[in-house]
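Hey, can you work out the whole structure from these sequences and the hints?
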Amino acid sequence: MSIKSDRWIRRMAEQQAMIEPFEPGQVKQANGQRIVSYGTSSYGYDVRCSREFKIFTNINSTIVDPKDFDSGSFVNLESDVCIIPPNSFALARTMEFFRIPRNVLVVCLGKSTYARCGIIVNVTPLEPEWEGHVTLEFSNTTPLPAKIYAGEGVAQMLFFESDETCETSYKDRGGKYQGQTGVTLPKT
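Just so we're aligned, residue 27 is where the sequence shown starts under this note's numbering, counting upward by one.
Since the hints were made in silico from the structure, they are not lab data.
Incorrect hints may appear among the rest.
Derived pair list, reagent style BS3-like, types lysine-lysine, alpha-carbon separation capped at 27 angstroms [stated by the list, open to error]: (1) Lys-197 to Lys-213; (2) Lys-54 to Lys-173; (3) Lys-54 to Lys-137.
The calculated label-pair distances, taken between Cβ atoms and stated as ranges, are [what the hints assert, rightly or not]: (4) Thr-194 to Val-149: 15 to 25 angstroms; (5) Ser-68 to Asn-129: 16 to 26 angstroms; (6) Gly-58 to Ser-31: 22 to 32 angstroms; (7) Leu-170 to Thr-194: 42 to 52 angstroms; (8) Pro-112 to Tyr-69: 28 to 38 angstroms; (9) Gly-58 to Cys-192: 39 to 49 angstroms; (10) Tyr-203 to Gly-144: 21 to 31 angstroms; (11) Asp-91 to Gly-58: 43 to 53 angstroms; (12) Cys-192 to Ala-43: 28 to 38 angstroms; (13) Thr-214 to Gly-144: 27 to 37 angstroms.
Source: prediction; values computed, not measured.
Just so it is clear, CB atoms sit at the ideal spot from N, CA and C, and this is done for glycine as well.
If you want it as structure tokens, here you go:
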């Protein structure tokens with residue numbers, strides 16, 4: 027298994043529509059102002075956050091249960107920014123839609139700009155033949171409110187190509203998050 031370079035990422039995006047929309051370089055400014063960068067990097071792709079957020083709230087004092095998740099535990103927000111309450115979290119999704127090849131595994135990591143502010147992006151894999159918008163989880167580990175910017179870089183995807191094709195892909199086993207297009211809550 028090997029990590030893939032910027033050339034490989036550009037080729038796969040162009041030939042197989044692996045990432046849509048796709049930015050072949052690094053974007054660091056928008057409307058004349060500096061932003062948290064997104065686009066193709068040396069060995070990865072920095073994704074952007076959409077304007078769709080679900081902010082966790084304990085207003086119902088419910089138990090967080092991945093087998094029986096209470097969707098009322100979130101406040102829905104569509105905005106250019108999301109303020110995450112202290113010691114809480116928010117869900118969002120990527121602007122980019124992914125189509126992962128059968129011989130590729132992708133790992134999503136947080137960007138250091140947010141990590142240095144105490145905002146952690148949960149590490150998650152994108153398995154072979156998974157496709158959809160990635161649901162992202164941002165944890166605010168600080169005792170202060172924290173801000174996430176829509177339309178700017180929030181996480182980096184690292185692509186690993188295997189020497190051999192997997193026997194059973196995410197698509198083959200009918201993965202429960204296959205084809206997701208919005209912020210998707212836990213499923214069992």
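Results of checking the hints against the structure:
{"no.": "1", "hint": "Lys-197 to Lys-213", "verdict": "16 angstroms, holds"}
{"no.": "2", "hint": "Lys-54 to Lys-173", "verdict": "18 angstroms, holds"}
{"no.": "3", "hint": "Lys-54 to Lys-137", "verdict": "14 angstroms, holds"}
{"no.": "4", "hint": "Thr-194 to Val-149: 15 to 25 angstroms", "verdict": "23 angstroms, holds"}
{"no.": "5", "hint": "Ser-68 to Asn-129: 16 to 26 angstroms", "verdict": "21 angstroms, holds"}
{"no.": "6", "hint": "Gly-58 to Ser-31: 22 to 32 angstroms", "verdict": "31 angstroms, holds"}
{"no.": "7", "hint": "Leu-170 to Thr-194: 42 to 52 angstroms", "verdict": "45 angstroms, holds"}
{"no.": "8", "hint": "Pro-112 to Tyr-69: 28 to 38 angstroms", "verdict": "34 angstroms, holds"}
{"no.": "9", "hint": "Gly-58 to Cys-192: 39 to 49 angstroms", "verdict": "45 angstroms, holds"}
{"no.": "10", "hint": "Tyr-203 to Gly-144: 21 to 31 angstroms", "verdict": "27 angstroms, holds"}
{"no.": "11", "hint": "Asp-91 to Gly-58: 43 to 53 angstroms", "verdict": "47 angstroms, holds"}
{"no.": "12", "hint": "Cys-192 to Ala-43: 28 to 38 angstroms", "verdict": "21 angstroms, violated"}
{"no.": "13", "hint": "Thr-214 to Gly-144: 27 to 37 angstroms", "verdict": "30 angstroms, holds"}
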